[in-house]
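Let's have the full structure, built from the sequences with the hints guiding it.
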Amino acid sequence: MEIAYISSNKLRFELEKSQSHVTNFFLSIFYRYPEQFITTTLVGNNIALVIFSIMTAQLMHPLLLTVTGSDLFITLIETALATAFILLAGEYIPKIIFRSNPNLWLRIFSPLFFLFYIVLYPISKISVWVSIFLLRTVGVKVNSKHHHVFSRIDLDHLIQESIDHQDEEQDLDTEVKIFQNALDFSSVKLRDCMVPRTEIIAIDEAEASLQQLKQLFIETGHSKILIYQNNIDSIIGSIHSSEMLRHPDTWTEHINDVPIVPETMQANKLMKLFNQQKKSIAVVVDEYGGTAGIVTLEDILEEIFGEIEDEHDRSGLISKKLENGEYILSGRMEIDQVNELFDLEIPESDEYSTIAGFILSHYQNLPKANETIKVLHFTFRILKVENNRIDLVKLRLN
Numbered sequence: 001m002e003i004a005y006i007s008s009n010k011l012r013f014e015l016e017k018s019q020s021h022v023t024n025f026f027l028s029i030f031y032r033y034p035e036q037f038i039t040t041t042l043v044g045n046n047i048a049l050v051i052f053s054i055m056t057a058q059l060m061h062p063l064l065l066t067v068t069g070s071d072l073f074i075t076l077i078e079t080a081l082a083t084a085f086i087l088l089a090g091e092y093i094p095k096i097i098f099r100s101n102p103n104l105w106l107r108i109f110s111p112l113f114f115l116f117y118i119v120l121y122p123i124s125k126i127s128v129w130v131s132i133f134l135l136r137t138v139g140v141k142v143n144s145k146h147h148h149v150f151s152r153i154d155l156d157h158l159i160q161e162s163i164d165h166q167d168e169e170q171d172l173d174t175e176v177k178i179f180q181n182a183l184d185f186s187s188v189k190l191r192d193c194m195v196p197r198t199e200i201i202a203i204d205e206a207e208a209s210l211q212q213l214k215q216l217f218i219e220t221g222h223s224k225i226l227i228y229q230n231n232i233d234s235i236i237g238s239i240h241s242s243e244m245l246r247h248p249d250t251w252t253e254h255i256n257d258v259p260i261v262p263e264t265m266q267a268n269k270l271m272k273l274f275n276q277q278k279k280s281i282a283v284v285v286d287e288y289g290g291t292a293g294i295v296t297l298e299d300i301l302e303e304i305f306g307e308i309e310d311e312h313d314r315s316g317l318i319s320k321k322l323e324n325g326e327y328i329l330s331g332r333m334e335i336d337q338v339n340e341l342f343d344l345e346i347p348e349s350d351e352y353s354t355i356a357g358f359i360l361s362h363y364q365n366l367p368k369a370n371e372t373i374k375v376l377h378f379t380f381r382i383l384k385v386e387n388n389r390i391d392l393v394k395l396r397l398n
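UniProt numbering numbers the first residue of the sequence shown as 1 and each following residue consecutively.
Hints in this document: simulated from the structure, not taken from any laboratory.
By construction, the Cβ of each residue, glycine as well, lies at the ideal position given by its N, Cα and C atoms.
Please note that the accuracy of each hint is not assured.
What the hints assert, rightly or not - List of simulated lysine-lysine pairs, DSS-like, C-alpha gap at most 27 Å: (1) K374 x K384; (2) K189 x K269; (3) K214 x K278; (4) K125 x K95; (5) K321 x K374; (6) K278 x K189; (7) K320 x K384; (8) K394 x K320; (9) K394 x K374; (10) K368 x K394; (11) K374 x K320; (12) K384 x K394; (13) K384 x K321; (14) K384 x K368; (15) K269 x K279; (16) K368 x K320; (17) K279 x K214; (18) K141 x K125; (19) K189 x K279; (20) K272 x K189; (21) K368 x K321; (22) K321 x K394.
Unchecked claim - Label-pair distances were calculated between CB atoms; the ranges are: (23) Q212 x G290: 19 to 29 Å; (24) T66 x I96: 28 to 38 Å; (25) P62 x T83: 16 to 26 Å; (26) T137 x I260: 50 to 60 Å; (27) P94 x V50: 13 to 23 Å; (28) Q229 x F305: 29 to 39 Å; (29) P62 x P94: 28 to 38 Å; (30) P94 x A57: 16 to 26 Å; (31) I132 x L63: 37 to 47 Å; (32) T137 x I96: 36 to 46 Å; (33) L63 x S100: 29 to 39 Å.
Structure follows, in structure tokens:
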């Protein structure tokens, strides 16, 4: 029972508690007093082992006397057989069975266990008091208050169960995807969600005129434009279109600072930074201090809620399957997105996240237009290269 209790999903029980079922009363007590439950199982196990040992000796001893008269030999045989039986019938087999569906087995056996819980309550309670006393004696702090809380593991188990019970061809529910993304959010690095350097829209402070800035706002549709000095590696801030319109003659005095963050920074930490500084855009730098890209608040939220159309997103990314079984893909297409759309099983890695990155990582060179590249069991034909960037490819499976 203890393995079912430890492996059970407390969150699922809480969701099912609204259903009128007699076992809910028993389970609520077990979850409310976990140390009492575990102590009861341990006390019960020890009592069962003592009774089993006595009965084994009484049953087997007369039989073994007919084989040998050595008490030592009889004791060794009894110990070996009893140990083997306990390990198989009392440990391995029950744990395998109860781990298969811990919530179900815990619910089935909860009425019977509750009887033992009541009978052994005095002994278990004394054992708990003695344990707490000994722990406090050696300086271990014990919290005697009980808080029925759910851990991240409980939520992760619940989501994984929803995914496992869903058909492979069926799309995951939006809520399940959001929960799964939220659990994985702490491991997302900025380099995984940033807009790359080659797609940054920015203007030089010294060379930009008011008319050029206005034109850039009109052409891009952005509400903010990044401002740099001399080159893109020296971004000094951003200017909002409203500030430019309110202060046309002195717009350079209204450039707002933007956070400078490393590409290895976690996305959740940047979100906290955005909230603290009331910012919505940050410049991402590489290990050498050069500009690697930018990250907006929308980019971070997309890691949880999925695609959100914002001013920095590039619309019109191509991903289609041809009648001959080939694929036309934009180089900026995310590999996980392509795999989800076409089930291509393109290998993913921390070194790249897009189709273009996959090609460059294996080819180790910048290909030219119309060049054909074979990577693993994929053949790529480069259809378009623009500004030293793979823009469009045709993919064929070998």
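If you check each hint against the structure, which ones fail? none
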